[in-house]
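**Student:** Sequence:
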Amino acid sequence: MESLDKRTTALYSAGSIGAGAFFAFNNFVLPTILKGAGAPDLLTGLLSSTRSIEGVVIQPTVGAVSDRIWTPHLGRRRIFIAVGIPLSAFFFVIAGFFTHTLLGLAIAIFLFSIFFNAAVDPYAALLADIAPVHERGLLSGVSTAVQLLAQVAFLVVVSRAAASGEVPLWTYALVGAVMVASFAATVFGIKERRGLIARKEHYSWGRYVRAVVSHGAAMRYLLTLFVYQFGINAVLPYLTLFIIEDIGESAEVAFALAGLTLLVTAISAVA
11 MESLDKRTTA LYSAGSIGAG AFFAFNNFVL PTILKGAGAP DLLTGLLSST RSIEGVVIQP
71 TVGAVSDRIW TPHLGRRRIF IAVGIPLSAF FFVIAGFFTH TLLGLAIAIF LFSIFFNAAV
131 DPYAALLADI APVHERGLLS GVSTAVQLLA QVAFLVVVSR AAASGEVPLW TYALVGAVMV
191 ASFAATVFGI KERRGLIARK EHYSWGRYVR AVVSHGAAMR YLLTLFVYQF GINAVLPYLT
251 LFIIEDIGES AEVAFALAGL TLLVTAISAV A
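Each residue of the sequence shown is one higher than the one before, counting from 11 in the working numbering.
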């Protein structure tokens, strides 16, 4: 595998800009819209989660399929991104027209979440396909930093736009456009190698479990990650609602504080 260069790093990380806009809207903006549409707290948390319930089924399934297929022009990972992101962006824009109708809004959220999850897992898997083992940490760090900064930038924009008290329709179109444009750079700029296609093999559950458990350090890491995600994803969708409803600040201030929180997180990660 060739060494990672700046061009590949930039083209891959470009997709994180769109992912950042999506995550920022889902985690911090969408809860206030759902609350305004009359959604109960439980439904607000479920629909606003970064990793939605449908993603539990969609992501592993798509990931396994993408390991074993090949398309002539878009390889095995980029085909899912090329199909999933435009469809997710389309239903994202559609959601903007149903902000006062809970059923229509919930259906649109469900659909754009499904297609996003179908695209984002192959996007994550693409990293291991294009970067040597010793450079994957660097590429992952750069793309994560880009994603966090994109979230901050988007929340600053939404904070200014929400000064009137409502999130305008054009912000939905902005997220959709950023998603399509940024992931397009990854899809058309990155080249995959066909030799990496996995062979289809069947393992018994016993053999599979023994293989997984044998990697003790990886299991401890996954357990830690599970506990962390279990807690953070339960709290994050309610951050802006807490600022607005309990502290009594405006939506403009709530979005700005959410952006500041992410900025501090990004700086702390680098430091």
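Hints are supplied without guarantee of correctness; some may be wrong.
To be verified - Within a straight-line C-alpha distance of at most 20 Å, the following computed EDC-like cross-link-like pairs (lysine to aspartate or glutamate) qualify:
hint, residue 1, residue 2
1, K45, E145
2, K16, D139
3, K201, E259
4, K201, E262
As the list claims (entries may be wrong) - Ranges of calculated distance between the beta carbons of each label pair, as one might list FRET restraints:
hint, residue 1, residue 2, range
5, T111, A183, 35 to 43 Å
6, D256, D15, 22 to 30 Å
7, I117, G73, 37 to 45 Å
8, V263, S224, 30 to 38 Å
9, L97, L179, 15 to 23 Å
10, R17, V93, 43 to 51 Å
11, I117, V263, 28 to 36 Å
12, V263, A221, 49 to 57 Å
13, L112, V237, 43 to 51 Å
14, P178, R220, 19 to 27 Å
15, L97, G73, 15 to 23 Å
16, R230, K201, 14 to 22 Å
17, L179, K16, 20 to 28 Å
18, E255, F100, 19 to 27 Å
Just so you know, these hints were derived from the structure itself, not from any lab.
C-beta: ideal position from N, C-alpha, C; glycine also.
**Student:** None of the hints should be skipped; say for each whether it holds.
**Tutor:** Quick rundown of the hints versus the structure:
no.: 1; hint: K45 / E145; in the structure: violated, 43 Å
no.: 2; hint: K16 / D139; in the structure: holds, 16 Å
no.: 3; hint: K201 / E259; in the structure: violated, 47 Å
no.: 4; hint: K201 / E262; in the structure: violated, 41 Å
no.: 5; hint: T111 / A183: 35 to 43 Å; in the structure: violated, 19 Å
no.: 6; hint: D256 / D15: 22 to 30 Å; in the structure: violated, 49 Å
no.: 7; hint: I117 / G73: 37 to 45 Å; in the structure: violated, 25 Å
no.: 8; hint: V263 / S224: 30 to 38 Å; in the structure: violated, 50 Å
no.: 9; hint: L97 / L179: 15 to 23 Å; in the structure: holds, 20 Å
no.: 10; hint: R17 / V93: 43 to 51 Å; in the structure: violated, 25 Å
no.: 11; hint: I117 / V263: 28 to 36 Å; in the structure: holds, 31 Å
no.: 12; hint: V263 / A221: 49 to 57 Å; in the structure: holds, 50 Å
no.: 13; hint: L112 / V237: 43 to 51 Å; in the structure: violated, 32 Å
no.: 14; hint: P178 / R220: 19 to 27 Å; in the structure: violated, 55 Å
no.: 15; hint: L97 / G73: 15 to 23 Å; in the structure: holds, 18 Å
no.: 16; hint: R230 / K201: 14 to 22 Å; in the structure: violated, 36 Å
no.: 17; hint: L179 / K16: 20 to 28 Å; in the structure: violated, 37 Å
no.: 18; hint: E255 / F100: 19 to 27 Å; in the structure: violated, 32 Å
Of the numbered hints listed earlier, those contradicted by the structure are 1, 3, 4, 5, 6, 7, 8, 10, 13, 14, 16, 17, 18.
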